[in-house]
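Please model the entire structure based on the sequences and the hints provided.
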Amino acid sequence: MTKEMVSGLAALILPAALLLATPGYAAEPDPTRFQLERSGDHFVRLDKQTGAMSICQDQNGNLVCRMAADERAAYENELDRLSERVSKLEKTVASSSGSNLPSDADIDRTLGIMEKFMRGFMGMAKEFQKEAPDTQAQPQKT
Numbered sequence: 173m174t175k176e177m178v179s180g181l182a183a184l185i186l187p188a189a190l191l192l193a194t195p196g197y198a199a200e201p202d203p204t205r206f207q208l209e210r211s212g213d214h215f216v217r218l219d220k221q222t223g224a225m226s227i228c229q230d231q232n233g234n235l236v237c238r239m240a241a242d243e244r245a246a247y248e249n250e251l252d253r254l255s256e257r258v259s260k261l262e263k264t265v266a267s268s269s270g271s272n273l274p275s276d277a278d279i280d281r282t283l284g285i286m287e288k289f290m291r292g293f294m295g296m297a298k299e300f301q302k303e304a305p306d307t308q309a310q311p312q313k314t
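Residue numbers (the numbering used here): 173 to 314.
Misleading hints may appear alongside valid ones.
Straight line, CA to CA, 30 Å or less: simulated BS3-like cross-link-like pairs of lysine-lysine [as the list claims (entries may be wrong)]:
{"#": "1", "residue 1": "Lys298", "residue 2": "Lys288"}
{"#": "2", "residue 1": "Lys302", "residue 2": "Lys288"}
{"#": "3", "residue 1": "Lys313", "residue 2": "Lys302"}
Distance windows between CB atoms, simulated [said to hold, decoys possible]:
{"#": "4", "residue 1": "Lys298", "residue 2": "Lys260", "range": "33 to 43 Å"}
{"#": "5", "residue 1": "Gln312", "residue 2": "Gly284", "range": "39 to 49 Å"}
{"#": "6", "residue 1": "Glu299", "residue 2": "Lys260", "range": "54 to 64 Å"}
{"#": "7", "residue 1": "Ser275", "residue 2": "Leu251", "range": "35 to 45 Å"}
{"#": "8", "residue 1": "Leu218", "residue 2": "Asn249", "range": "12 to 22 Å"}
{"#": "9", "residue 1": "Leu261", "residue 2": "Glu299", "range": "46 to 56 Å"}
{"#": "10", "residue 1": "Arg257", "residue 2": "Met296", "range": "47 to 57 Å"}
{"#": "11", "residue 1": "Met239", "residue 2": "Asp280", "range": "53 to 63 Å"}
{"#": "12", "residue 1": "Glu303", "residue 2": "Asp278", "range": "33 to 43 Å"}
{"#": "13", "residue 1": "Pro201", "residue 2": "Pro274", "range": "52 to 62 Å"}
{"#": "14", "residue 1": "Gly292", "residue 2": "Leu251", "range": "53 to 63 Å"}
FYI, nobody ran anything at the bench for these hints, they're computed from the structure. Owing to the predicted nature of the structure, the values given are computational and were not obtained by experimental measurement. Cβ coordinates follow ideal geometry from the N, Cα and C atoms, glycine included.
Below, the structure written as structure tokens:
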């Protein structure tokens, strides 16, 4: 393959790769996000936003990209870490479900305390109303 053919192929494949790499965006993709470099019989694609690298090969006129080996290992390690974390959280939720809720006796006791407090508070408020001077007096005119 000549240099002109490679640059022509890259010019055709790059826009398609950009469109496929950014699903869900209604806006036009950033044409400078990815950088393609030829390396032997394949291309290396660098995502300038995330730093992710992919190995891409021309298969029957289509550019097929796969994560680089070290990127794949880091990705799988992160998935394993997150899966373990989710499992721990699920076990914690399953073991504590219902145990943190107060009993009926606790609720009844709390309601009794609140009722006693409110009755005392309302009694004091009524006493202050009886002792307060008439607040309906006419305002002073100046």
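Against the structure, the hints:
Distance restraint check for Lys298 and Lys288: the Cα-Cα separation of roughly 16 Å lies within the 30 Å cut-off, and the hinted pair is therefore satisfied. About 21 Å separates the Cα atoms of Lys302 and Lys288, which keeps this hinted pair within 30 Å; it holds. Straight-line distance between C-alpha atoms of Lys313 and Lys302 comes to about 27 Å, which keeps the hinted pair within the 30 Å bound. Restraint check, Lys298 to Lys260: a C-beta distance of roughly 55 Å breaks the suggested window 33 to 43 Å.
Separation of Gln312 from Gly284 is about 48 Å and conforms to the stated range, judged on CB atoms against 39 to 49 Å. Separated by about 57 Å at the C-beta atoms, Glu299 and Lys260 satisfy the suggested range of 54 to 64 Å. Take Ser275 and Leu251: their Cβ atoms lie about 41 Å apart, and the range 35 to 45 Å holds. The hint said 12 to 22 Å for the Cβ distance between Leu218 and Asn249, and at roughly 21 Å that hint holds.
Distance hint check for Leu261 and Glu299: the Cβ-Cβ separation is about 53 Å, which falls inside the suggested range of 46 to 56 Å. A C-beta distance of roughly 53 Å is found between Arg257 and Met296, which places it inside the suggested range of 47 to 57 Å. Distance hint check for Met239 and Asp280: the Cβ-Cβ separation is about 60 Å, which falls inside the suggested range of 53 to 63 Å. Between Glu303 and Asp278 the beta carbons are some 38 Å apart, a value that agrees with the proposed interval 33 to 43 Å.
As the Cβ distance of Pro201 to Pro274 is approximately 55 Å, the hint placing it in 52 to 62 Å holds. A hinted range of 53 to 63 Å for the beta carbons of Gly292 and Leu251 is consistent with their spacing of about 59 Å.
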